[in-house]
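Heads up: the sequence lines are chains Z and L, in that order.
Note that this note's numbering has the first sequence beginning at 6, numbered continuously upward.
Note that this note's numbering has the second sequence beginning at 6, numbered continuously upward.
Treat the hints as calculated values from the structure; they're not laboratory data.
Some hints could be false.
It does not matter which identical chain is used: a pair holds within one copy or between any two.
In silico SDA-like pairs for lysine to any residue, Cα to Cα no more than 20 angstroms straight-line [stated by the list, open to error]:
(1) LYS109 / GLY140
(2) LYS252 / LYS335
(3) LYS251 / GLY197
(4) LYS251 / GLU164
(5) LYS109 / ASP83
(6) LYS262 / VAL198
(7) LYS243 / VAL195
(8) LYS251 / LEU124
(9) LYS109 / GLY301
(10) LYS345 / LEU124
Being a predicted model, the structure only gives us computed values, none of them experimental.
Protein chains: 2
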Amino acid sequence: MAKSKANIGVVGYGIIGKRVADAIASQPDMRLVGIADIISDVRLRIAKERNYPIYCSLPDFEPKMRAAGFEVVGFLDDMLKEIEIVIDCTPSGVPAQNFPLYDKYNVKTIVQGGEKHSLTERSFSTFGNYYTHLGVKKTRVVSCNTTALTRIISTLAHEYGVSDVFVALARRAGDPARTNRGPINAITPVLGVSHHGPDLVTIMPQLDDRIHSLAIAGSWTLSHVHMVKVTLESSPSKDEVVSLYKKTPRILIEPGKHGLFDSAQLVEYFRDLGRPRYDRPEVFIWEETMSLDSRGNLYMIYDVHMESIPIPENVDAVRSMLEMESDAMKCVEMTDKAMKIQNGSYSGTLYGSAPPKERSLASTEHE
Amino acid sequence: MAKSKANIGVVGYGIIGKRVADAIASQPDMRLVGIADIISDVRLRIAKERNYPIYCSLPDFEPKMRAAGFEVVGFLDDMLKEIEIVIDCTPSGVPAQNFPLYDKYNVKTIVQGGEKHSLTERSFSTFGNYYTHLGVKKTRVVSCNTTALTRIISTLAHEYGVSDVFVALARRAGDPARTNRGPINAITPVLGVSHHGPDLVTIMPQLDDRIHSLAIAGSWTLSHVHMVKVTLESSPSKDEVVSLYKKTPRILIEPGKHGLFDSAQLVEYFRDLGRPRYDRPEVFIWEETMSLDSRGNLYMIYDVHMESIPIPENVDAVRSMLEMESDAMKCVEMTDKAMKIQNGSYSGTLYGSAPPKERSLASTEHE
């Protein structure tokens with residue numbers, strides 16, 4: 006257990022990076038040393054407004070950043086000297102270029118789900134494999150869709166056992182501010198197996214050859230939606246599954262007829278709630294869509310807010326890798342309380358912290 | 006086998022009705038006696054342009070139709086006196102109001118998938134149950150999505166046996182001309198089991214308790230897309246399934262990488278092909294999305310052009326109900342040749358015309 010605050014830097018202040026920075030800054034046991042980027046437009050004003058020390062990732066960009074009125078406190082090297090762990094949220098492919106520098110300064114490294122598993126040879130998602138990451142040096146926090154899948158499937162696997170998973174994903178065209186993305190009036194299928202099934206296997210290897218994922222992308226921007234068929238190894242009632250999810254952190258389940266009948270109403274509700282950026286780091290399950298059949302299959306539809314879902318998992322990864330907290334559930338509770346997304350029960354022993362049941366796919370194995 | 010042409014009327018000249026009228030008019034063994042509606046705008050100009058006799062469904066609307074320059078040859082009653090079968094394509098709920106009139110003139114009746122199964126206590130889709138409809142008086146041709154599902158699943162069931170079906174549907178917001186529809190930037194889940202699974206069971210009762218469907222609607226207008234997991238009772242190779250679909254009428258399968266990588270490219274290709282209204286009555290399977298796993302599950306994504314998919318099935322229903330053709334495959338061949346959508350093999354004995362295999366779910370039962 007670390008006694009002083011952990012020192013953390015965020016590289017790449019984009020859609021994920023700016024949220025990770027806020028989440029880290031909110032944690033009582035962490036200190037955001039700064040953020041590093043090469044941008045000099047309004048996006049950086051947010052960091053300035055929040056008094057996050059701003060570092061310049063590439064010296065060539067420093068004059069432009071200063072000219073735009075931003076106080077640059079140093080270069081990436083300078084930030085790396087002061088931190089124990091870096092969370093790299095730069096666009097796909099860039100983290101690999103940064104790795105030699107991270108190694109030079111011997112900082113632990115977290116990259117995002119846009120990178121390949123092979124870059125770090127390890128992938129993280131709290132509900133699936135917190136314990137395999139205690140003390141490790143590098144990892145990748147899986148993407149929004151895989152984070153949601155991990156929460157949903159690991160919970161079922163631990164409680165009921167899971168023998169087969171099929172997920173049909175409907176992805177948004179682009180995040181709301183990504184005006185250069187498409188499609189604008191079409192459905193684009195992923196031509197082959199989507200990466201989500203294999204990605205979940207990097208977290209829960211027990212699912213190897215037991216999961217298949219197909220995906221399409223469409224013209225909306227608010228969230229991803231998953232339609233799943235999960236074959237369970239026992240036969241809970243719907244009420245039991247609803248209760249299980251109700252007490253599970255980072256998962257919400259409620260009838261759509263309460264006024265949350267589509268993703269737009271969900272956004273409106275979270276705007277009214279006062280959630281920052283109307284973020285919804287919780288997976289939201291439409292309760293009416295859940296049903297179980299006589300053959301042990303569970304069906305449901307849930308919403309995945311792609312911009313914010315993996316943020317708490319990034320915070321958890323820090324605690325696991327720096328061995329700041331040896332209990333996954335306590336870590337989740339701490340992260341969520343600071344991020345003001347607390348819901349469900351934090352008193353259980355789910356997520357691999359209990360001995361695995363014989364039939365369960367939930368991992369408690371350390372690598 | 007009828008010797009003279011069958012006399013047919015179409016009521017409701019909307020998205021389905023105008024296409025059904027064209028399809029009927031193209032058949033060598035059918036005569037389109039006329040179309041009946043209450044509209045008097047540009048939509049009716051198309052009927053006039055094609056020299057389809059125009060009847061007025063409700064006398065109150067006749068003056069407006071005449072004032073707009075349309076020659077009204079009679080009222081609905083007059084048309085009913087001249088026909089053996091009426092294809093009612095009016096909006097949901099209207100056909101039930103027309104039934105007493107159809108009964109009065111003793112005309113056989115086909116309604117569309119927007120009506121409930123209970124209205125006719127019978128539902129039709131060529132590939133599933135052509136033979137159960139020989140000589141019957143009333144039926145409902147199932148909706149676009151269920152028509153596509155019937156073709157896809159019955160083909161697999163007949164050839165390999167099917168023990169379990171899960172379909173995740175992504176529906177378009179509205180047809181292209183339906184500017185009053187939504188969502189415009191959201192995903193709307195169907196809150197519960199979507200009607201498609203139960204609907205398929207009306208055609209293939211053997212699937213009862215073996216199919217589950219979930220559905221979302223999104224903001225695009227071009228087509229529906231299905232992502233399916235079908236558990237087979239035997240273990241074909243992917244090549245074998247591809248070959249099966251290639252020789253099946255009304256199903257196309259091709260790699261997206263040929264340039265058909267999304268629904269917009271599909272539309273563009275069919276526009277260039279010169280298809281009327283760029284209609285695609287064929288189901289289109291993206292070949293790369295198809296795979297089979299070691300547990301007997303087949304996965305794939307396919308496109309469903311909602312405006313045109315059930316049109317050939319309406320034509321087939323006429324031939325079955327009027328006992329004009331006792332062989333389903335010969336009927337399909339005739340329909341498709343006249344509609345210029347001929348593809349695949351029309352020489353087989355699929356679609357319930359062969360004795361069912363022991364393990365097969367394909368129906369050959371007459372009611």
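Checked hints:
1. LYS109 / GLY140: Result: close within a single copy only, 19 angstroms intra versus 83 angstroms inter.
2. LYS252 / LYS335: So LYS252 and LYS335 pass the 20 angstroms test inside one copy only (15 angstroms; across, 59 angstroms).
3. LYS251 / GLY197: For LYS251 and GLY197, the Cα distance is within 20 angstroms only across copies (19 angstroms; inside one copy 34 angstroms).
4. LYS251 / GLU164: within (14 angstroms within a copy, 44 angstroms between copies)
5. LYS109 / ASP83: Within one copy, since 12 angstroms is at most 20 angstroms while 90 angstroms is not.
6. LYS262 / VAL198: So LYS262 and VAL198 pass the 20 angstroms test across copies only (15 angstroms; inside, 34 angstroms).
7. LYS243 / VAL195: between (32 angstroms within a copy, 18 angstroms between copies)
8. LYS251 / LEU124: Neither. Shortest intra-copy (36 angstroms) and inter-copy (41 angstroms) distances fail the 20 angstroms Cα cut-off.
9. LYS109 / GLY301: Neither: 52 angstroms inside a chain and 50 angstroms across chains, both beyond 20 angstroms.
10. LYS345 / LEU124: Neither. Shortest intra-copy (32 angstroms) and inter-copy (53 angstroms) distances fail the 20 angstroms Cα cut-off.
Checked against the numbered hints above, the structure breaks hints 8, 9, 10 and satisfies the rest.
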